[in-house]
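Asker: Position chain Z against the provided structure of chain R, taking the given hints into account.
Next come the chains, spelled out residue by residue.
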Amino acid sequence: MDTANKVKNRIKTITMNPKFVNNTKGMASDFKKLFIKIFSFIVILGICYVILAPVIGMIVNSFMSDADKYNPMVYMIPQNPTLEKYKLAWERMDYLPTMGRDLLYSGSLMLMQVFVCSMVGYGFARFDFPFKKLLFACVVVMIVIPDHSIMLPIYMTFKSFDPLGLATLITGKPLVLMSSPIPMYIMTIFGCGVRSGLYIYIFNQFFRGLPKEIEEAALVDGAGTWYTYFRIMLVNAIPAVVTVAVFSMVWQYNDTFYAKLFLISEDIVISKKISTLQATIANVDKILDTSIQELYLDAGIVLVMLPIVIIYIALQKYFIEGVERSGIVG
Amino acid sequence: MKKRKLTLTKKRMINGYLFILPWLIGFIIFYIRSIILTTEFSFSELTVGAVGGYELEFVGLDNFIYAFREHGTFKQILTSSVGNMILDIPLIIFFSLFMAILLNRQFKGRTLVRVIFFLPVILNSSAISTALELSQQMMAGGISAGSSQMAAETSSSGVDVGYYIGLFKELAMPDFILDYIVAAVGRINNIITASGVQIVIFLAALQSIPGSMYEVAKIEGATAYETFWKVTFPMVMPHIITNVVYTVIDNFAESQVVTLAYDTAFTSFDYGLSSVFSLVSTAITCLILILIVGFIQKRTFYYN
Numbered sequence: 000m001d002t003a004n005k006v007k008n009r010i011k012t013i014t015m016n017p018k019f020v021n022n023t024k025g026m027a028s029d030f031k032k033l034f035i036k037i038f039s040f041i042v043i044l045g046i047c048y049v050i051l052a053p054v055i056g057m058i059v060n061s062f063m064s065d066a067d068k069y070n071p072m073v074y075m076i077p078q079n080p081t082l083e084k085y086k087l088a089w090e091r092m093d094y095l096p097t098m099g100r101d102l103l104y105s106g107s108l109m110l111m112q113v114f115v116c117s118m119v120g121y122g123f124a125r126f127d128f129p130f131k132k133l134l135f136a137c138v139v140v141m142i143v144i145p146d147h148s149i150m151l152p153i154y155m156t157f158k159s160f161d162p163l164g165l166a167t168l169i170t171g172k173p174l175v176l177m178s179s180p181i182p183m184y185i186m187t188i189f190g191c192g193v194r195s196g197l198y199i200y201i202f203n204q205f206f207r208g209l210p211k212e213i214e215e216a217a218l219v220d221g222a223g224t225w226y227t228y229f230r231i232m233l234v235n236a237i238p239a240v241v242t243v244a245v246f247s248m249v250w251q252y253n254d255t256f257y258a259k260l261f262l263i264s265e266d267i268v269i270s271k272k273i274s275t276l277q278a279t280i281a282n283v284d285k286i287l288d289t290s291i292q293e294l295y296l297d298a299g300i301v302l303v304m305l306p307i308v309i310i311y312i313a314l315q316k317y318f319i320e321g322v323e324r325s326g327i328v329g
Numbered sequence: 000m001k002k003r004k005l006t007l008t009k010k011r012m013i014n015g016y017l018f019i020l021p022w023l024i025g026f027i028i029f030y031i032r033s034i035i036l037t038t039e040f041s042f043s044e045l046t047v048g049a050v051g052g053y054e055l056e057f058v059g060l061d062n063f064i065y066a067f068r069e070h071g072t073f074k075q076i077l078t079s080s081v082g083n084m085i086l087d088i089p090l091i092i093f094f095s096l097f098m099a100i101l102l103n104r105q106f107k108g109r110t111l112v113r114v115i116f117f118l119p120v121i122l123n124s125s126a127i128s129t130a131l132e133l134s135q136q137m138m139a140g141g142i143s144a145g146s147s148q149m150a151a152e153t154s155s156s157g158v159d160v161g162y163y164i165g166l167f168k169e170l171a172m173p174d175f176i177l178d179y180i181v182a183a184v185g186r187i188n189n190i191i192t193a194s195g196v197q198i199v200i201f202l203a204a205l206q207s208i209p210g211s212m213y214e215v216a217k218i219e220g221a222t223a224y225e226t227f228w229k230v231t232f233p234m235v236m237p238h239i240i241t242n243v244v245y246t247v248i249d250n251f252a253e254s255q256v257v258t259l260a261y262d263t264a265f266t267s268f269d270y271g272l273s274s275v276f277s278l279v280s281t282a283i284t285c286l287i288l289i290l291i292v293g294f295i296q297k298r299t300f301y302y303n
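Protein chains in written order, with numbering that gives the first Met the number 0: chain R, 0 to 329; chain Z, 0 to 303.
Same shape as in the complex, but just chain R (with noise of 0.2 Å):
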């Protein structure tokens, strides 16, 4: 024992010694992750800038005071910050009722989309029924297909709806759904509202995860399959239940295509507000210059986004882990 420590110490000794050790290799490796690293460290920061660099502009845009705008000495930093143009912007966007009634109405499709799509999710992951995997196919369908190949037809639907003739039997005339949200709380309800069939997959995806013995002992306790959905599986879902919300919230809100071709009151539809308002001050206001019109666009702009950046950044784990649970088909 004693002389294979001996051993050893000496056999260290020597091979710490600098004049045994060849350093070149390591050095040269040594150099070669540094500059691994300083070369990835230039690419990402170069990249965060191309995705940052509009943002921050519209964000000190937002903050100039008119003379900035004009003052070639100003870049990024406003010599004269002023918050008028946000007052305007807020003002003529009416923000606080529209912000509101637009977080209710997506917020109410976000819950439906997840009850619905959770249920679907949940049907196709854990029973066994003829023609499953056909239907299934037909879920891809839903994701791959363009929205605007069935727009015609359903714009027409909505615009004298009239389900098995009921509207007409009470009524006497179908009823003209445009211009409300009805159209898109029934597309939601069916499983068809924004990007439903990405929802439906991610949840299936989820509950094939999960252990059937959470089922079974659920069974033999004398659950019933509904009460077992409910109760134990919507529970063990947390973390699907809030990607697939936060997902759908933030792109409910984003949308515009559904709000356009319903013609939804822009009243609701908060983004509706952004492409008009740049209108609305050049003629309520009577603010003619177009660079300073611009100014106010911005402030308006950074209104609009302030809730999606705060749930992103409260939220961004889900988002994030939402992308690679549904990414990985495999």
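Possibly wrong hints are sitting among the right ones.
Said to hold, decoys possible - From the structure, some residues in chain R lie toward chain Z, with a derived Cβ separation under 10 Å: (1) 158; (2) 159; (3) 260; (4) 264.
The hints are simulated quantities; they were obtained by calculation from the structure and are not laboratory data.
Remember, predicted model here, so these are calculated numbers, not experimental data.
Note that beta-carbon positions come from the ideal geometry of N, C-alpha and C, so glycine has one too.
Answerer: Coordinates of chain Z only, in the frame set by chain R:
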């Protein structure tokens, strides 16, 4: 009356149908019926009735013939949309794979970088981008001003692009490759903002590769280059398909063809023509998807 007893499998079957029932109804009403109707519209002339209904008059292939032979911009827009898409797909895939590999190593602020990379997905609102475009146009005083502004920007950046292009041309680089690279550099902003989801998917794929594979490769004496092509690349191959599908769909949803179809329907009220645009572009997208996926699938290696 005696209640017929159902077996457990039958019961579960019915329950399964009950669970997917809302979606099934929606899918039949909003998708299958709509696609059939769109096809019908494209073969007929649609007049909206006074009460709210509509009447169809069969006109055969007239709408198609009009779209392809007489319509002013449809063919240009279609070709440029499809062309841009085909141009973008390889760029986005390679860029996001590259970025995922860079982000896969441990460094300080990794979460922050991931958050920033995903930001465009969150802030991608067409309303905002349209508003910004409109304001740019107004500021420069016309549609054609966009190009002049771009020219001004490139000249002020201090890099003489023309010189470098000439340099590579002298090195006998084929023109089409040079064009592609120049176009790619010009679209760098689009590519970066369009690859948020793809980067995250590739990152997940990279992290799911078992570490033992790298160990084996190292013991067998593989260099980093070989390890990439023999281990990393085959293992992320299935995810390339996912990403291609996502890229195509995402790209097409925001292309100009959609705008054209929308405007034709709701500005000039030519529903038949709009249906033709939708149908043709959807068919082309699906065709491209099938071709690309088929092409990659043959070469894909599936681990377990």
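Asker: So, for every hint listed, does it hold in this structure?
Answerer: Results for each hint:
1. 158: holds (6 Å)
2. 159: holds (3 Å)
3. 260: holds (8 Å)
4. 264: violated (14 Å)
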